[in-house]
Amino acid sequence: MKIDLQGDAGIPRDICLDVTSSHPTAPLMRFACDAMGTTFEVRLCCDNVAYGKQVARAAFELLSHLEQELSRFDPRSDVSRINSLKPSETIRVGLATFECLEISSKMNQATFGAFDVTVAPLCSLWKRCADSEPSALEIESTMGKTGMRNLILDKTNLSVGVLTEGVEVDLGGIGKGYAVDQMVEVLKDWGIESALIHGGQSSVYALGDGMGGDPWRLSFREGKETGSDLPCVFLQDFSLSGSGTFIQGRHVIDPRTGKAIPVHATSWALTARAVESDALSTAFLIMEDEEVQEYCSSRRGVFGVKCSEGGTSRLFGDWQSLR
Numbered sequence: 032m033k034i035d036l037q038g039d040a041g042i043p044r045d046i047c048l049d050v051t052s053s054h055p056t057a058p059l060m061r062f063a064c065d066a067m068g069t070t071f072e073v074r075l076c077c078d079n080v081a082y083g084k085q086v087a088r089a090a091f092e093l094l095s096h097l098e099q100e101l102s103r104f105d106p107r108s109d110v111s112r113i114n115s116l117k118p119s120e121t122i123r124v125g126l127a128t129f130e131c132l133e134i135s136s137k138m139n140q141a142t143f144g145a146f147d148v149t150v151a152p153l154c155s156l157w158k159r160c161a162d163s164e165p166s167a168l169e170i171e172s173t174m175g176k177t178g179m180r181n182l183i184l185d186k187t188n189l190s191v192g193v194l195t196e197g198v199e200v201d202l203g204g205i206g207k208g209y210a211v212d213q214m215v216e217v218l219k220d221w222g223i224e225s226a227l228i229h230g231g232q233s234s235v236y237a238l239g240d241g242m243g244g245d246p247w248r249l250s251f252r253e254g255k256e257t258g259s260d261l262p263c264v265f266l267q268d269f270s271l272s273g274s275g276t277f278i279q280g281r282h283v284i285d286p287r288t289g290k291a292i293p294v295h296a297t298s299w300a301l302t303a304r305a306v307e308s309d310a311l312s313t314a315f316l317i318m319e320d321e322e323v324q325e326y327c328s329s330r331r332g333v334f335g336v337k338c339s340e341g342g343t344s345r346l347f348g349d350w351q352s353l354r
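Each residue of the sequence shown is one higher than the last, beginning at 32 in the numbering used here.
Fair warning: there could be bad hints in the mix.
[To be verified] Here are the simulated DMTMM-like cross-link-like pairs (lysine to aspartate or glutamate), alpha carbons at most 25 Å apart as the crow flies:
hint, residue 1, residue 2
1, K186, E130
2, K158, D105
3, K176, E100
I should point out that these hints are in silico values taken from the structure, not numbers from a laboratory.
From just these sequences and the hints, can you work out the full model?
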């Protein structure tokens, strides 16, 4: 685990978020840590440098533990062990893994199946096909290995099982948001009342007020340039997550059809918890505009933004309440 507890380690990303304080000249302590394939950052409003370093280190130690539990690239992780299961086999997992899977199951139902952490076999299929498209038969065959219905979750025993051969779990669409939420709790335990925490600038949580007593100011970026019609938001105790295909191309697959979504698209979600905004930013990429509107309209405190190349942004939810 690489940790930077000194320098300004914020790395701008082409996709995701511009994260700035509502008072950009205010002295903020910034600490960074490489984890989950990206750079996490903690920005603290704290006048004691030594104490700030202790707080950041505690948050990053938790992050390291979560990565070891949730990463599908670590052969010892819970996720890797799940992906090695045969039908009828079960294993006990850590609380973080189970909570991520439990939340994923609920988000799968709420998003009409658009968010699905078992979509990995389809992603692999499309990756193997490179510039071509998989055949309908290949897609149909692979879809038999996907779907939350193929996971057995036992909350009493914190155990997980699978119903079919070849099931693969990938928590990449929810793990960073979950980690951000857990790091926020660490900061609160240390008495921190004002901070920004983000995972690769794709999931960010604004804790308390920014310097000067104003909410934190966050702005959107579409591709490499800021969309002129995209609003800035001022958040307090709220999260914002973004997903897009401008850089990685067709890596987002609709689990309901087995097909890749259009290459140039971006979406953002705003909710009270980063774990939910992380999942929703991916789901909103896949969902039709009518589905996103229905989701946001039926839930208080949920907002969405969608953009496509050369198009204007579409806002979902009661944005007047954020201004």
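Open item on the list: Check whether the Cα positions of K186 and E130 lie no farther apart than 25 Å.
Closed with: holds (9 Å)
Task: 25 Å Cα cutoff - pair K176, E100 - done: holds (23 Å)
Task: Hint consistency between K158 and D105 [alpha-carbon to alpha-carbon, up to 25 Å] - done: holds (21 Å)
Hint violations for this structure: none, all hints satisfied.
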